[in-house]
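J.: Sequence lines, in order, name chains Y and X. In terms of my numbering, the first sequence opens at residue 1 and continues consecutively. In terms of my numbering, the second sequence opens at residue 1 and continues consecutively.
Quick caveat, the hints were computed from the structure, so don't treat them as lab data. Backbone N, C-alpha and C fix where the C-beta goes; we use that ideal spot for every residue, glycine too. Any given hint might turn out to be false.
To be verified - Derived pair list, reagent style DSS-like, types lysine-lysine, alpha-carbon separation capped at 25 Å:
1. Y:K3 with X:K168
2. X:K105 with X:K301
3. X:K168 with Y:K2
4. X:K301 with X:K251
5. X:K290 with X:K257
To be verified - Listed next, with one range per pair, are the computed distances between beta-carbon atoms:
6. Y:G154 with X:G360: 32 to 40 Å
7. Y:A100 with X:V5: 52 to 60 Å
8. Y:F155 with X:E4: 42 to 50 Å
9. Y:I18 with X:P296: 51 to 59 Å
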Amino acid sequence: MKKWFAGALLLVALGYTIYGTSTLTLYTQSGRPAAGFFPLMIGFLLVVSCSINLWFDIREWFQERTSGSGHTHQPEPAAEGTAEALGLDTHTIDGGQEHARDVVIVFAYICGFVAALKIVGALLAMVAFMLAFLFTFDRSRPVTNILYSLALPGFLYWLFKILLNASLPLSPLGF
Amino acid sequence: MFSEVISNLSLGLSIAASPEGLLFLLLGAFVGMIVGLFPGFGPAAGIAVLLPLTFGLDPTTAIIMLAGIYYGSMYGGTITSILINTPGESATVASTLDGYPLAQKGRAGPALVMQAIASFFGGTIGVLLITALAPSLANFASKFGPSEYFLIIAIGLLMLTTMMGDNKFKGFISALIGFAVGSVGVDVMSGQQRFTFGSPELIGGVYFVAVAIGLFGIGELLHCILNGQHRQPAEKLRISFRDKEFWPTRKDYAESKFTFFRGSAIGFLAGVLPGSGATLGSIIGYSVEKKVAKDPENFGKGEMRGLVAPEAANNAASAGAMVPLLSLGIPGSGATAVLLGAFMMWGLQPGPLLIVNDPGFVWGLIASMYLGNMILIALSIFAIPLFVKFLDIPYLHVVPVIVLLCVIGAFAINASIVETWILVFSGAVGFAMKKFGYSPAATVLALVLGSMAEETFLQSYIISQGTLSVFWERPVSLVLSIILLCIVLAPLIFKLGQRFFGKSVKHLAHQK
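Excised from the complex, chain X in its bound form (with noise of 0.2 Å):
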């Protein structure tokens, strides 16, 4: 097994090594880190409207660039996050709450230092899991039938819209208005068509790359201008690595040695499991490092655990991201459904037969992650001084570089203007959904998914013969039902739990 896993890592970084494919990865980590660096704009956006880029390169070098702007995305959003207390994303929120503090101490040169120590030590972690995890699962679920898939599929877009706080509603409306978008086209079943108007254009459905791009895309983009960010100004930072407090102290290192190791962990976990992500596994790496310290008064006033922890925990996460991603072909995030788009994009089908029937590919995009970590960790030291002067451009000279890249690269893709309307409307539907509370990676998510959601849906109801007990028959499917419906009834019990206990305690306060 171990040996196995060596000789695959050996293939992955024959590939992943090669002059080519270092270029990209540098390309896209560097680019991933100035993506991170403007708030609101989020690895699933920059993956997405960067996406045409990469159209002239084999799938291979294409999909380990796009990983490279997926978690560089994540180490640069923190470098906002301390300076100017504006995170680049939301995975980075956390990291404002001790890294600004510190900045604000002097500290900035060590908080970024540290971030980067700890954004490497996660996503490292988060890949040495990913090696062990990965082809066992991938082996676990190659005796999947259509009803765990089915399953597995709603299960993620369930998990995705109930970790959206209030807006559970309305992430569930997401979800089926993906759903519907993806019935465009000829269905697969029968060859009929469905809601093409007549149009040729649609007979292959609505093409998820110019919907991802619009509602990542210009969505974004319009939501930050109704936010009123291309009207601030470009902040003025100088910091420089030469500065003698720009590294961090033996005491920082000391105090965080164990915070290095927790944080990666949650951050893994919430990473495999659909729908958490990064920003939910920074949130509670950040708060179990707070309950665990002796001294939690110290945190949010700039202590370095408490931004340790949720750099290491969303770095972790979004390498755990990808073991679902690989392994079963679901992904559990906005950005891993674009990555999963790329995948079918090139005639790559995500799943336990992945490993197997394309084994440069994964370990190739695998082993890409250790040397992104590598590349990424050096950007982050050495290249800030660079990074911080990105700062500089305001973001009205952002949005053209913005628009430009959507438009044309939407249109890039098959010479169509239909399409480049799709995304443009896709865009105002994205903006809406941001404004009012939907979830656009919700949609997007079950855009890419509903295909395989329908196929393994009416694949269970017909072996079942129309009465579905094949998803309580198979003992996997049966787990999996029972977790589905607790995803379901666990809210709604603890809701009603919270309306009778409240009650009762207020009914008893009241007769005293």
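Next up, chain Y with everything else stripped away, as it sits in the complex (with noise of 0.2 Å):
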């Protein structure tokens, strides 16, 4: 996955710079720099590091592949640094066994709930989420998971919507 990462970002960055030289001014008439300067300079670091960097990523999968040590779990580079620092073991602060899953699972519901926010409004859009989520990671609890996804929402509607007067999406029914 790093690599893949890695490659996206080169990619952005070679678009941000084609794009960039293609619709901005880099020098005005009279010899100033234009719109286009500054980004041009950007975004030609950022190819030139973004194909280092991939360069780098490729290299340490090749590495791994060839000696068979695969990374199982990835963790947390500031934590890494520190642990390292302080002479610990990164999973005291890091945690330990990776859950993609789930992290694909929540990703998939934010999304849901962000697609829902214009569809039924905000607060059901909110209660749809809790429900879907709690009911998700702990169904042992049904009555809590109910009560926490209708308590919460109501709690944050009154508090954006009421207390701040935060311009909030109402549903068909107007709330």
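Both chains are sitting in their own frames, so use the hints and assemble them into the complex.
T.: As structure tokens, this is what we get:
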């Protein structure tokens, strides 16, 4: 995954630079830097650094493959650095086993929640998100889940909509 | 000078000590302590997620509350370090080394009280130094031109990325990503639209709050889920300050009396330097304390000085980080970058002129830090049993609170669904950045400082007619350019030296 992310970054960097140079002016008629000058500098640096980064990641992946020592857990880099400096086990800071499937599920629920905001309104979207989330990960306490799924969105709706007078999307029923 | 400081502080106190100011300071400190309790959810994420809740407040009250969250999280993060060996955030990692062994020895109470006193001591010394240094630095910085500002931004970003251990290069890329995102919108100098793809929503640029909430809030949350925090049972802990063993002994105070000063001084220096911040400050504080101790072998086995040093240091560092923010308008960490974004949101332009143009705001904030430390020491000692109760809440029930606050908060800012999708996208990117070793903090810092960096660079370019000679012709610029070069070249020279001398040593060993 690491090399794919590095590859995606390189593609975005290339797109940014190519689109920037084709749509923006680099210098004004009087020879002064124009709107495209700074983005082009950033784009150039991004393309060069992302290419080197991708090369490093592919090399690392290749080395892991040939030595057969692929990582099962990628520790948090900041935690890894701190743990190294302190002589601690990274897992004391960063946890152990990975739950990638759960990340995908939660992210999909968040996307669904945002998509539903404009359709069913903020309050119902919040309730639906909470019910889906809680019943996916803990089915042992249905009553608690339902009560919590009603109470928290209700409180946040009151806080944002009524107390802070924020603009929240409404449902077709007007709440 | 001294009388001026006193009169300014009185002005600040009259603002911060108003009933409204005190209420929101208490609220911020309380929420900050809770934010600090949850592992993986640091002050930057806490401030970003809770930022939308301050929209209804006036700027000074809002910033006082956000600053309360900022230093409150430093106090709260240690509670879990001591009780369950899990730091609430990276700046309290060093506190686990002796904090947890102390708890295992049955001295959790004294450890919690001493950490609160050390935090208070560090925080107060930090604020005293801010009071003395910020106006002088702002006065000095008022003579800065665009070249000096550009160099300070570059130094800050480089230091932030070079402090990241093995991930310097990825940190550099992260900063470039922030600059690239910051270039979206209308160019201030020519008025030309950049990377808007014809969307009216992007003319004003990519809104920083949505990106910061996504990178820090959703990104951190997904990373915690990856590590399985949502599947871990809640910790059932009980602690009461009525217990006889709750309070530290005279020996604890006597042994730690110089540690308070050493930790605070080291932490403050680390905080003032852009990029290093509270994490590094607390680690250096611990290491120095261990080095100067006559009994270093006791460290790591439940030594009170091993807890006091990092605690004093991380709180002094979080105060120190406010110096470049208030006097130069340049944040040195993710959390202060979010605070800078909040300043800008309320139309305040941090920099040397902020103290002159808006003394009520600056001195109100500084005065709130004195009051905040007093509130936090009281909360840290007398409300420990209450905060320990928060650890009973399983992380599974914390996840929806964070998601709902992030999404509803991001939408509520401008009632924009595009910005809410930017939040979701930033969340996914933030998660990947954390997982693969990039730095979301560097991205946010570069995003916040992007327009300033571009403006000052182009001004320097135009002033020097394209030669960039202004970077070495002005004395302050020359010094800053040398510092910048040192930061870039020092690791390379060190690496080359290591390789060369390493080979020589190996060669000699081989010959023998």
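J.: Compare the structure with each hint and give your call.
T.: Okay, the hints, checked on the actual structure:
Between Y:K3 and X:K168, the direct Cα distance comes to roughly 17 Å. Compliance with the 25 Å bound is thereby established for this hinted pair. At most 25 Å may separate the alpha-carbon atoms for a hinted pair to count; X:K105 and X:K301 meet this at roughly 9 Å. With a C-alpha separation of about 16 Å, the suggested pairing of X:K168 with Y:K2 holds against the 25 Å cut-off. Our distance criterion of 25 Å between C-alpha atoms is met by X:K301 and X:K251, whose separation comes to about 17 Å.
Between X:K290 and X:K257, the direct Cα distance comes to roughly 15 Å. Compliance with the 25 Å bound is thereby established for this hinted pair. Between Y:G154 and X:G360 the beta carbon distance is about 38 Å. The supplied range of 32 to 40 Å therefore holds. Checked against the hint of 52 to 60 Å, the C-beta distance between Y:A100 and X:V5 comes to roughly 54 Å, which is consistent with it. At about 46 Å, the beta-carbon gap between Y:F155 and X:E4 stays in the expected band of 42 to 50 Å.
Between Y:I18 and X:P296 the beta carbons are some 57 Å apart, a value that agrees with the proposed interval 51 to 59 Å.
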